[in-house]
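Protein chains in written order, with my numbering: chain C, 1 to 250; chain W, 251 to 371; chain P, 372 to 503.
Keep in mind that the hints were calculated from the coordinates and are not lab data. Where is the CB? At the ideal position from N, CA and C, for every residue including glycine. You may find that some hints are simply not true.
As the list claims (entries may be wrong) - Think about it this way: if two alpha-carbon atoms lie no more than 20 angstroms apart in a straight line, the pair counts; the simulated DMTMM-like pairs of lysine to aspartate or glutamate are:
1. C:Lys5 x C:Asp19
2. P:Lys473 x C:Asp34
3. P:Lys374 x C:Glu17
4. C:Lys219 x C:Glu201
5. W:Lys255 x C:Asp169
6. W:Lys255 x C:Glu113
7. C:Lys219 x C:Glu25
To be verified - Incomplete in silico selection of chain W near chain C, CB under 7 angstroms:
8. Lys255
9. Arg256
10. Ser257
11. Ala259
12. Trp263
13. Asn310
14. Lys314
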Amino acid sequence: MSEQKIIEIEVLRYLPESDQAPHSEVYKVPFTDDMSVLQGVQYIKDNFDGSLTFRWSCRMAICGSCGMMINGIPKLSCETFIRDYYPQRISVEALAHFPIEKDLVVDLSGFIEKLEAIQPYIIPKEPRTVEEGEYIQTPAQFAEYIQYTSCINCVLCYAACPHTALSPDFIGPGAMALLHRYNMDSRDGGKAQRMELAASEDGVYNCSAVGYCSEVCPKKVDPGNAVNINKINAGMDYFLRFLSPKGGAK
Amino acid sequence: MKTRKRSNAPIFWGLFGAGGMMAALFGPMLVFITGIAVPLGLLLPAGTMSYANMLAFAQNFIGKGFIFAVIFLFIWHAGHRIHHSLHEVGIHPGIVSKLLTYGLAAVVSLVAGVALLGLGF
Amino acid sequence: MSKRRPYVRSMDGWWKKNPYYVEYMVHEGTALFVIAYTLVLTVGVVRLGQGEAAWNGWLEAMQSPLSIIFHLVLLAAIAYHAFTWFKLFPLTTPPLVLQGKKVEPCAIVRAGWTAGVVAALALLVIVWGIAA
Chain C
1 MSEQKIIEIE
11 VLRYLPESDQ
21 APHSEVYKVP
31 FTDDMSVLQG
41 VQYIKDNFDG
51 SLTFRWSCRM
61 AICGSCGMMI
71 NGIPKLSCET
81 FIRDYYPQRI
91 SVEALAHFPI
101 EKDLVVDLSG
111 FIEKLEAIQP
121 YIIPKEPRTV
131 EEGEYIQTPA
141 QFAEYIQYTS
151 CINCVLCYAA
161 CPHTALSPDF
171 IGPGAMALLH
181 RYNMDSRDGG
191 KAQRMELAAS
201 EDGVYNCSAV
211 GYCSEVCPKK
221 VDPGNAVNIN
231 KINAGMDYFL
241 RFLSPKGGAK
Chain W
251 MKTRKRSNAP
261 IFWGLFGAGG
271 MMAALFGPML
281 VFITGIAVPL
291 GLLLPAGTMS
301 YANMLAFAQN
311 FIGKGFIFAV
321 IFLFIWHAGH
331 RIHHSLHEVG
341 IHPGIVSKLL
351 TYGLAAVVSL
361 VAGVALLGLG
371 F
Chain P
372 MSKRRPYVRS
382 MDGWWKKNPY
392 YVEYMVHEGT
402 ALFVIAYTLV
412 LTVGVVRLGQ
422 GEAAWNGWLE
432 AMQSPLSIIF
442 HLVLLAAIAY
452 HAFTWFKLFP
462 LTTPPLVLQG
472 KKVEPCAIVR
482 AGWTAGVVAA
492 LALLVIVWGI
502 AA
């Protein structure tokens, strides 16, 4: 057994029932080299303060619920290791650009509304009956959108994008990546409806190509590229709609 | 479902993109030529920007078009970018930020356009 | 009654919090230098229209040491704009597919930088050709 090492974890606490504003608290947490920041936070809850609130589930970077600002950078706390920071202090804060509900839990209702608005499901071009069989898709057609299906809705990209806070109605990188995912699907016929949203004042032009969303994405979805591709798509439609109206956009 | 207004941003974003491309391709060399090489008499023939040469260039259809395209696209590129930047430092989109950026771009375009047309063909 | 009281954090100075944002603000800031250069050119066009004496006055002003230093700064800033403009291409443009394969982002950036250098040299040659 190696000797017990201690890491200082500074947590931004916010207790809506008693605090006017968030404040920092520092905890000294014993850790082993295989411990993630999430496990460090769990240690605090189990041993120091049971009221510490945070979201987590899978511990393997696929559920997308344990995102936190770790030393100011949006990360999944389950795949971020304490050993990489030791002996420096680790600061942990709720994901930026979202309202803090309590401690490390943010209010995601705005994001959920945006996610619903982009209609993240296939709207069939031509509804088929069971008898007519399945929707056929070639590997090349599948390759068009596969990258965007990797999104786990962890919203790290929103915590990376200043515009999601500066313009709270902005659809944002993650939802735009999913919008693009369905638009690029050969089975889908909902593009016109979705582009109405992308081309609106809440849409893609709120983005100024900061690009940090794609940097922090743990699944390499590249939501920033999805947003920017749709600036071109919406821009083409803006100028060409008089020549070849496709409907949908008003 | 919430009804959303189509954004007119493609106009400004399009100019931003075209101007950014123009500035990326020709900006550094233009600055070098007009601001460094010609004033210091480096590299280029003497009198490259003499009155006669520049007048002839600005009276030529292509030359006039090039000068206007540079000024017009550069200023709308920069105006749009600063419009975003103002939003980012807390001067949110409104009449003030629009006057400072798109307003400036419109005035500069107009001044340059009028001056260039005044030079004749 | 709900005890919910979501706390909204201030965005003041957000761009100072991360080196990535600082670099973003710097490359966005090149627009100020583009504006400055456009104003220099616009004044030049106006002076050209006012006759030979006015034009020569503008040329003379461009020769002052202050102007040279100013243009060196403009050159650095606008060159940085060009550098970052192409660097952002993998973010801002649709993926490029050649012969069924997605072109690597770094290849796109290199092609952009090359295009920038070629365009600059072409401009220099054309100007030289017209003047000679």
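Okay, the hints, checked on the actual structure:
1. Proposed proximity of C:Lys5 and C:Asp19 is contradicted: the alpha carbons are some 32 angstroms apart, above 20 angstroms.
2. For the proposed pair P:Lys473 and C:Asp34, the alpha carbon gap of about 37 angstroms is over 20 angstroms, so the pair is violated.
3. For the hint linking P:Lys374 to C:Glu17, the alpha-carbon distance of about 6 angstroms falls within 20 angstroms, and the restraint holds.
4. This hinted pair does not check out: C:Lys219 and C:Glu201 have alpha carbons roughly 28 angstroms apart, beyond 20 angstroms.
5. As the CA atoms of W:Lys255 and C:Asp169 are separated by approximately 13 angstroms, the hinted pair is consistent with the 20 angstroms bound.
6. A hinted pair counts as satisfied when its Cα atoms are at most 20 angstroms apart, and W:Lys255 with C:Glu113 qualifies at roughly 18 angstroms.
7. With a C-alpha separation of about 31 angstroms, the suggested pair C:Lys219 and C:Glu25 falls outside the 20 angstroms cut-off, and the hint is violated.
8. Against a cut-off of 7 angstroms between C-beta atoms, the interface hint on W:Lys255 holds, since the closest Cβ of chain C lies about 5 angstroms away.
9. Hint on W:Arg256 holds. Least Cβ distance to chain C is approximately 6 angstroms, under the 7 angstroms limit.
10. With its C-beta approaching chain C no nearer than about 5 angstroms, W:Ser257 sits inside the 7 angstroms limit, and its interface hint holds.
11. Hint on W:Ala259 holds. Least Cβ distance to chain C is approximately 4 angstroms, under the 7 angstroms limit.
12. Proximity of W:Trp263 to chain C holds as hinted, the smallest CB-CB distance being about 6 angstroms (cut-off 7 angstroms).
13. The interface hint given for W:Asn310 is broken, as the beta carbon of that residue sits about 30 angstroms from the closest beta carbon of chain C, more than 7 angstroms.
14. The beta carbon of W:Lys314 comes no nearer than 25 angstroms to any beta carbon in chain C, farther than 7 angstroms, and the hint placing it at the interface is violated.
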